[in-house]
Amino acid sequence: MAYASAGWSGCHFTARDSAGGLAFSASREFDIEPVPLRAFIMADPPSGSVGSEIEFHIYIDGGVGPYRVELDVDNNGSYDITREVYSGNEIALSHVYTTPSVTAIPPSSGSYLATARVTDSQGGTQFAGTVAPPAQTE
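Numbering (our numbering), first residue to last: -4 to 133.
Be aware that one or more of the hints could be misleading.
Distance windows between CB atoms, simulated [said to hold, decoys possible]:
1. T120 / A87: 38 to 48 Å
2. S82 / H7: 29 to 39 Å
3. A14 / Q117: 43 to 53 Å
4. H7 / G124: 44 to 54 Å
5. G83 / H7: 27 to 37 Å
6. Y81 / R11: 35 to 45 Å
7. S82 / D39: 14 to 24 Å
8. S116 / V91: 27 to 37 Å
9. V91 / R23: 21 to 31 Å
10. F25 / A87: 32 to 42 Å
Think of the hints as simulated: they come from the structure by calculation, not from any bench. All C-beta atoms in this analysis are idealised placements derived from N, C-alpha and C, irrespective of residue type, glycine included.
Given the sequences, and given the hints that come with them, work out the whole structure.
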């Protein structure tokens, strides 16, 4: 049996004999612990150029929904995109890089570090990061 949410739950079992009399009865209560929240992120496509759209796939595992997903596309500490996930365990968020990365040497190409922060309805938070494709000038 699968349980939809964390918390206390219980079950009761009754066995009867062939005449309908009570043969055995038992009850049990137990605490359902949520699976720890985990988050994963992937950038698609694996390479790109300035002006092309990069799609970030964020996968959520465990925790207790709904989830708040925030994406910092350039690792500057400010979350650029925020969405709520009410069902399912994946969300795709897109961004168009308009300038090459400042980490680029020479300044025509480089990578961005994108970070996702996922928070579940119980306040659990998980971070995931990926290197976004190089933003190269054409």
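Tested hints:
A C-beta distance of roughly 21 Å is found between T120 and A87, which places it outside the suggested range of 38 to 48 Å. Checked against the hint of 29 to 39 Å, the C-beta distance between S82 and H7 comes to roughly 31 Å, which is consistent with it. Distance hint check: the CB atoms of A14 and Q117 are about 49 Å apart, consistent with the given range 43 to 53 Å. Between H7 and G124 the C-beta distance comes to about 47 Å, which sits within the given range of 44 to 54 Å.
Roughly 33 Å separates the CB atoms of G83 and H7, a value that falls within the hinted 27 to 37 Å. As the Cβ distance of Y81 to R11 is approximately 43 Å, the hint placing it in 35 to 45 Å holds. For the hinted restraint 14 to 24 Å between S82 and D39, the CB-CB distance of approximately 22 Å keeps it satisfied. Range check, S116 to V91: Cβ separation about 31 Å, and the 27 to 37 Å hint holds.
Checking the proposed 21 to 31 Å range against V91 and R23 shows it is violated: the Cβ atoms sit about 55 Å from each other. The beta-carbon spacing between F25 and A87, approximately 37 Å, falls within the hinted interval of 32 to 42 Å.
Hint compliance for this structure: hints 1, 9 are not met, and every other hint is.
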